[in-house]
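Quick note, the sequences are listed as chains A and B, same order.
All residue numbers for the first sequence refer to my numbering, where the first residue is 1 and numbers rise by one.
All residue numbers for the second sequence refer to my numbering, where the first residue is 1001 and numbers rise by one.
A portion of the hints provided could be inaccurate.
[Stated by the list, open to error] DSBU-like cross-link-like pairs, simulated, lysine-lysine; straight-line CA separation at most 30 Å:
1. A/Lys78 <-> A/Lys62
2. B/Lys1070 <-> A/Lys83
3. A/Lys83 <-> A/Lys11
4. B/Lys1070 <-> A/Lys44
5. A/Lys44 <-> A/Lys11
6. A/Lys15 <-> A/Lys44
Think of the hints as simulated: they come from the structure by calculation, not from any bench.
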Amino acid sequence: EAGVAQSPRYKIIEKRQSVAFWCNPISGHATLYWYQQILGQGPKLLIQFQNNGVVDDSQLPKDRFSAERLKGVDSTLKIQPAKLEDSAVYLCASSPSSDTPHYGYTFGSGTRLTVV
Amino acid sequence: GQQLNQSPQSMFIQEGEDVSMNCTSSSIFNTWLWYKQDPGEGPVLLIALYKAGELTSNGRLTAQFGITRKDSFLNISASIPSDVGIYFCAGQLRGAQKLVFGQGTRLTINP
């Protein structure tokens, strides 16, 4: 079974620029999560999708962050404009169901964003 | 929001030693999970705990769901070099779907 695919692996941008990250979850997984992991901290949930609908985006900075999951498969996370404090690893995860998310809750390797 | 306090933040041990780390919260959790993260990778689930007082093992790893539902412990016995990494606890609140993560414990092993 292929894992959660993320791209790019690394991205360096200047502040105020825009950036987008892509995630392809495990085939058949209904639930998709985007987490932000700042250096030295644990992951923090940004947004959760169930199929193509948003379940929880309470911690997503909506003035600059946006995410979509068209057709309930791939997802993109965008930051526009980026700030220095957005430097972090952005992790995508997927699970078969939102009822018991830890079952088969698989993380991708992440995209490391550096804002300079 | 909910926070998990994980300790210690870092550990430096000799190969073969046992390791203990813990996580506490002011909130009651329905599920406790322990993950390991290697450099450049996402977290990988080690152990999941579902009931207060539950003690679960996975090889040399043993974790416990605290009786108050507000804490959890992870022990690693007879550490080996591949145990190096960052260990995270995570909790799931009753009725919620997202996971709340601790700050992590960085484990370094001297051969």
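Under the constraints set out in the numbered hints, which ones does this structure not fulfil?
2
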